[in-house]
Amino acid sequence: MARNHGSDGSTSRRDFLKLGAVGAAGATVGAGWRPRKAEAKPEKITFLRESSYVKEFDEHFNKVLIPRYQQETGIKVVYEIVAAGGSAVPRTVSIVESKAPVDAAWVQQEWLYREGLLDVSDIAKDVGKQQGGWYSEIEGLSVWEGKWKSVPFGNIGQCMVYRKDWFDQVGATTFPDTWEEFLEVGIKLKKAGHPYGMSMGHGYADNNSWLLPLLWGFGAQVVAKDGKTVTLDSAETARAVDYVRKLYKDACLDDCIGWLDPHNNKAFLTSQISATNNAMSILISAKRDLPDMGKVIDHALNPKGPKGRFHSFVPVTHGIFAHTPDPAAAKHFLRWLMDPKQVAAWYRSAQMYHAPFLHAYDKDEEWNKEPRFKPYQKVLETGKLVSWPAAADRRFGEVVNKWIVIDMFAKACTGTPTKTVIAEAVTGLKQIFG
Amino acid sequence: MVGELTWSRRFFGLWLPLTVLFVFALFPFAWMAATSLKGNAELYDPTANPLWIRHPSLDHYIGLFKESNFVIWIGNTMLVATVSTIISLLLGVMLAYPLARMRFPAAGLLAITVAVTYLVPQTLLFVPMADLINRMKLGDTLSAVMLTYPTLLVPFCAWLLIGYFKTVPKELEEAALIDGASRWRAMTRVILPLCTPGFLSAGIFAFTLAQNEFLYALLFLNTSTIRTVPVGVTGELIRGDAFYWGQLMAAALLGSLPVVLIYSFFVKYYVAGLTAGSVKG
Amino acid sequence: MSRVAEATRPAARAVPSARAFRLREWLEREAVFSWLMLAPPLLFLLLFLGYPFCYGVYLSFVRRPVAQPATFIGLNNFLNLYNDAIFWQAVWNTFRFTAAATVLKLAGGLGMALVMHQNFRLKGMTRALLLLPFIVPTVLSTVAWQWIFDPGMGLFNRLLMFLDLVKQGPSWLGNPTLAMVSVILVNTWRGLPFFGITILAGLQTIPDELMESATIDGAGWWGRFRYVTLPLLMPVIFIVTTFSIIFTFFDFQLVYVLTGGGPANATHLMATYAYSVGMSSGQMGMGSAAALAMVPVLGVVLLAMSSYVRRR
Numbered sequence: 000m001a002r003n004h005g006s007d008g009s010t011s012r013r014d015f016l017k018l019g020a021v022g023a024a025g026a027t028v029g030a031g032w033r034p035r036k037a038e039a040k041p042e043k044i045t046f047l048r049e050s051s052y053v054k055e056f057d058e059h060f061n062k063v064l065i066p067r068y069q070q071e072t073g074i075k076v077v078y079e080i081v082a083a084g085g086s087a088v089p090r091t092v093s094i095v096e097s098k099a100p101v102d103a104a105w106v107q108q109e110w111l112y113r114e115g116l117l118d119v120s121d122i123a124k125d126v127g128k129q130q131g132g133w134y135s136e137i138e139g140l141s142v143w144e145g146k147w148k149s150v151p152f153g154n155i156g157q158c159m160v161y162r163k164d165w166f167d168q169v170g171a172t173t174f175p176d177t178w179e180e181f182l183e184v185g186i187k188l189k190k191a192g193h194p195y196g197m198s199m200g201h202g203y204a205d206n207n208s209w210l211l212p213l214l215w216g217f218g219a220q221v222v223a224k225d226g227k228t229v230t231l232d233s234a235e236t237a238r239a240v241d242y243v244r245k246l247y248k249d250a251c252l253d254d255c256i257g258w259l260d261p262h263n264n265k266a267f268l269t270s271q272i273s274a275t276n277n278a279m280s281i282l283i284s285a286k287r288d289l290p291d292m293g294k295v296i297d298h299a300l301n302p303k304g305p306k307g308r309f310h311s312f313v314p315v316t317h318g319i320f321a322h323t324p325d326p327a328a329a330k331h332f333l334r335w336l337m338d339p340k341q342v343a344a345w346y347r348s349a350q351m352y353h354a355p356f357l358h359a360y361d362k363d364e365e366w367n368k369e370p371r372f373k374p375y376q377k378v379l380e381t382g383k384l385v386s387w388p389a390a391a392d393r394r395f396g397e398v399v400n401k402w403i404v405i406d407m408f409a410k411a412c413t414g415t416p417t418k419t420v421i422a423e424a425v426t427g428l429k430q431i432f433g
Numbered sequence: 000m001v002g003e004l005t006w007s008r009r010f011f012g013l014w015l016p017l018t019v020l021f022v023f024a025l026f027p028f029a030w031m032a033a034t035s036l037k038g039n040a041e042l043y044d045p046t047a048n049p050l051w052i053r054h055p056s057l058d059h060y061i062g063l064f065k066e067s068n069f070v071i072w073i074g075n076t077m078l079v080a081t082v083s084t085i086i087s088l089l090l091g092v093m094l095a096y097p098l099a100r101m102r103f104p105a106a107g108l109l110a111i112t113v114a115v116t117y118l119v120p121q122t123l124l125f126v127p128m129a130d131l132i133n134r135m136k137l138g139d140t141l142s143a144v145m146l147t148y149p150t151l152l153v154p155f156c157a158w159l160l161i162g163y164f165k166t167v168p169k170e171l172e173e174a175a176l177i178d179g180a181s182r183w184r185a186m187t188r189v190i191l192p193l194c195t196p197g198f199l200s201a202g203i204f205a206f207t208l209a210q211n212e213f214l215y216a217l218l219f220l221n222t223s224t225i226r227t228v229p230v231g232v233t234g235e236l237i238r239g240d241a242f243y244w245g246q247l248m249a250a251a252l253l254g255s256l257p258v259v260l261i262y263s264f265f266v267k268y269y270v271a272g273l274t275a276g277s278v279k280g
Numbered sequence: 000m001s002r003v004a005e006a007t008r009p010a011a012r013a014v015p016s017a018r019a020f021r022l023r024e025w026l027e028r029e030a031v032f033s034w035l036m037l038a039p040p041l042l043f044l045l046l047f048l049g050y051p052f053c054y055g056v057y058l059s060f061v062r063r064p065v066a067q068p069a070t071f072i073g074l075n076n077f078l079n080l081y082n083d084a085i086f087w088q089a090v091w092n093t094f095r096f097t098a099a100a101t102v103l104k105l106a107g108g109l110g111m112a113l114v115m116h117q118n119f120r121l122k123g124m125t126r127a128l129l130l131l132p133f134i135v136p137t138v139l140s141t142v143a144w145q146w147i148f149d150p151g152m153g154l155f156n157r158l159l160m161f162l163d164l165v166k167q168g169p170s171w172l173g174n175p176t177l178a179m180v181s182v183i184l185v186n187t188w189r190g191l192p193f194f195g196i197t198i199l200a201g202l203q204t205i206p207d208e209l210m211e212s213a214t215i216d217g218a219g220w221w222g223r224f225r226y227v228t229l230p231l232l233m234p235v236i237f238i239v240t241t242f243s244i245i246f247t248f249f250d251f252q253l254v255y256v257l258t259g260g261g262p263a264n265a266t267h268l269m270a271t272y273a274y275s276v277g278m279s280s281g282q283m284g285m286g287s288a289a290a291l292a293m294v295p296v297l298g299v300v301l302l303a304m305s306s307y308v309r310r311r
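Residue numbers (numbering that gives the first Met the number 0), protein chains in the order written: chain A, 0 to 433; chain B, 0 to 280; chain C, 0 to 311.
I should point out that these hints are in silico values taken from the structure, not numbers from a laboratory. Where is the CB? At the ideal position from N, CA and C, for every residue including glycine. It cannot be assumed that every hint is accurate.
Straight-line alpha carbon distances no greater than 27 Å define the calculated DSSO-like cross-link-like pairs of lysine-lysine that follow [unchecked claim]:
#1 Lys303(A) - Lys362(A)
#2 Lys40(A) - Lys136(B)
#3 Lys248(A) - Lys122(C)
#4 Lys227(A) - Lys418(A)
#5 Lys75(A) - Lys43(A)
#6 Lys163(A) - Lys189(A)
#7 Lys362(A) - Lys187(A)
#8 Lys169(B) - Lys75(A)
#9 Lys136(B) - Lys75(A)
#10 Lys75(A) - Lys163(A)
#11 Lys190(A) - Lys122(C)
#12 Lys54(A) - Lys65(B)
#13 Lys40(A) - Lys54(A)
#14 Lys306(A) - Lys245(A)
#15 Lys227(A) - Lys286(A)
#16 Lys189(A) - Lys40(A)
#17 Lys303(A) - Lys163(A)
#18 Lys169(B) - Lys62(A)
#19 Lys146(A) - Lys340(A)
#20 Lys124(A) - Lys146(A)
#21 Lys189(A) - Lys166(C)
#22 Lys286(A) - Lys65(B)
#23 Lys383(A) - Lys373(A)
#24 Lys43(A) - Lys169(B)
#25 Lys122(C) - Lys245(A)
#26 Lys54(A) - Lys294(A)
#27 Lys136(B) - Lys98(A)
#28 Lys122(C) - Lys187(A)
Covered, in the sense of this in silico footprint (three residues per stretch, anywhere, with C-beta under 8 Å from a C-beta of chain C), are these stretches of chain A [claimed, not checked]:
#29 191 to 204
#30 348 to 360
Start from the sequences and build out the full structure, keeping to the hints where you can.
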């Protein structure tokens, strides 16, 4: 009995070393997992994630990846999923603060607790080297004080989703290329009974993902590159605010000013709006539930402003909590997960809903299966972090979570003068950036 | 009841207001029921009547049972709610009875201290609470919420009970004491039975809040099979920015109807207070 | 020996009984009985609430970002709040929200209790069914309300359009004023049944004889209500109201799911504000200060209540 145990232990350990070496692919074997004692490997690793919009993505993890990891290492992975829409942050914060037994997670809003995350530079660098390199913009989030605090995964792309049939009816056979054209077409569409629905409420993704790119496209920025100087008060901002007020009044559904992230999906699928800014979830739902509508939906990149075309990221990154009892084991798991043998199929299981930040997937086969999803890959080229041009940090998180920029636009839409809304926003920003 | 009951009095005094109450309280449930019974295509159809079902189907219900741990969540929820309600009622009585019916030093101060403590919202408490639970090694167990829910419930149960305890005339207790009963006996045999409706309403309150609670359940219950309905259902059925409307509504209805049945059994005992009150002051 | 033993026996017998007597007497003292009863719940609360509460108070005086050590900054958190326009808007919103919802729930709940305090068939079932809004988890019912308020598909606007009152329904969650009306409506909808059932329980404890003697004395329906029912119900009404004020004041889930505090902060409450500062923005010190700022306001309400309770 005892001997059996011993031999079992050593076999699995040897497997581990082998695996580690394979996973590192070019890195030293030392990067692999080296248990401190023969029997010291943990029973389980807990991995926390927000439930994915694409159900198959979570199922793939549960049905393929968990059994595979257990078979290869003998370690059980516990996959904890929490609801989207705000559950992940309190959960993660309480994990960091109370050192709860969770090892790794999708570290949403990681700038809040980078001090509580392990340095995963070795994994991030190796994965990047191995799979075509990272899109550099994401380093502004994952790299902090010279260390990778998280391994980027993918971007939940946000771009324009529109009803091609209705756009055709008003003579817009291609999606408007500039914000001005977007407004012109919108006026016609609203007259035809098909307004836009551009979210401006207290959501997290669908509001920032068009208002910030619009602001940048008009040449304005919230803060300077140093991440300290507030630069919002500018003529460009005023122009952007005036534009949004007009767009809301003449081209949008009244309701959109109060929308959270799910509302525009609902409005789009119930044929109340002709365009919105969203992830690919609308088309996926439509193809499943409303086949006719599924045929007439298309995607386009955000229109460009006088200063160019922009998108904003909704990044997904994975990190390891510093308090994990066995850092080497957790790192081994993350490295294994990001290995092309695992991660490629995992990306694809969600139809590239998370557009990989790795260049190796730029031309992935999966993108050809539904050509209408391709804009979501292109988003990566012009995509910026919400804090752009600064790096993402705690203070900018506060800007986002207090909806300072969003409310500047929303208040303008309810009739407050441009000067006032900008002044109020600047006051709020100054309080944060001191 | 006193007074003659003419038809019009019955109509304006009972049936009309009752109908208004029913419509106000239950119309969202009509929508929930309709939504849970129709396919997404019909739900999204702008020409469809939101309360009418053209193609009824049980798919959402079947999906709920087949694809999620719904049955387990219901069981967990009932267990957690029952245990935390019992704890809260017991502790609530112990807190309320002296505060409502006794004179003792520092009573006023105590009432205020207890009250102020409860003013602090969960948003402030949950980080230290998570720390406490982890130190006690209760993370990811149902005991974690069974112990933390009473912290939310006890004060409110106590307050409610104070109100009911005060409606009972003091003479009743005094009469019992003069008859030679101990304070304990006077409490358990005379006062508490009179307040049965109060217990029921405090119990209903505690039970409902416990089965409704979201934040502590989210933080302390992590494995799918030990979750309660609100956390389990939203975790599985609110995915990104898209909701599984039909299944969510099916879960809302299936989760509440058993509770309604239990309550309909208990509220019958509201009359118990009347019959037990044989000693009149 | 035996005589000594004999002599001491009765004494030995007498001592415990005297002690028992004294113990009993001691137990019968109001203060002793009270504190013995109070001890277990207080110990429980001290353990599970005392520590978290003190920690929360401590947090409000420090700068304490998540995962970072704390630095003492005195009253700076409160000063920052004082200077934050959004905070004051949240305070004002919270007042309007709490006042409106509480009045509606109280009036409706009293009505509901009086209606249900009659004999009719299926009484138990009716009472339980009317509790449904209170029973169904808020996270789920609020999801349904999102549809009920939908501009084109929602029940309200469909009804308005069906009755030909409007061509296009109002924007329930988009218009800042209506958004506040909407969250008040949902809060009332959810809380009213509890008022109703609680006051009903109070009604049930009022002895029938009192009513009968009042009737014999010639009191009409209003007179009985005004001079018999209402005074006896006051403790229950008072407590359930205070109670509801606190719960409404702290209401978080409903607003969080329905509007997130939008549009443009029109429905931002102190609870959602404290959450967005303390949790989403990770400023635990500031968040605690924002949460604590709710206490003095409620404290006044509670003091009023407790002085009322003591007067009785």
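(request) Would you check the hint for Lys54(A) and Lys294(A), treating anything up to 27 Å between C-alpha atoms as holding? (result) With Cα atoms ~22 Å apart, Lys54(A) and Lys294(A) stay inside 27 Å; holds.
(message) Just to be careful, I want the Cα atoms of Lys75(A) and Lys163(A) compared with a cutoff of 27 Å; is the pair within it?
(response) 47 Å, violated
(request) Quickly compare the C-alpha distance for Lys383(A) and Lys373(A) to 27 Å and report which way the hint goes. (result) 18 Å, holds
(message) Does Lys245(A) sit within 27 Å of Lys306(A), going by the straight-line distance between their CA atoms?
(response) Holds - the C-alpha atoms of Lys245(A) and Lys306(A) are around 20 Å apart, at most 27 Å.
(message) Need the status of pair Lys122(C), Lys245(A): alpha-carbon distance at most 27 Å?
(response) 56 Å, violated
(request) Verify the proposed pairing of Lys146(A) with Lys340(A), using a straight-line Cα cut of 27 Å. (result) 26 Å, holds
(message) What's the verdict on Lys40(A) and Lys54(A), does the C-alpha distance respect the 27 Å limit or exceed it?
(response) Violated - the C-alpha atoms of Lys54(A) and Lys40(A) are around 31 Å apart, more than 27 Å.
(message) So if I understand the rule, the pair passes when the alpha-carbon distance is 27 Å or less; does Lys286(A) with Lys65(B) pass?
(response) Answer holds: Lys286(A) to Lys65(B) is near 23 Å, not above 27 Å.
(message) Just to be careful, I want the Cα atoms of Lys43(A) and Lys169(B) compared with a cutoff of 27 Å; is the pair within it?
(response) 61 Å, violated
(message) At least three residues with a C-beta closer than 8 Å to a C-beta of chain C: is that true for the stretch 191 to 204 of chain A?
(response) holds (count 4)
(request) Starting from Lys303(A), check that the Cα of Lys163(A) is at most 27 Å away, please. (result) Roughly 19 Å between the alpha carbons, so the hint for Lys303(A) and Lys163(A) holds.
(message) Checking one constraint from the list: CA of Lys248(A) to CA of Lys122(C), max 27 Å. Satisfied?
(response) 52 Å, violated
Hint compliance for this structure: hints 3, 7, 8, 10, 11, 13, 15, 16, 18, 24, 25, 28 and 30 are broken, all remaining hints hold.
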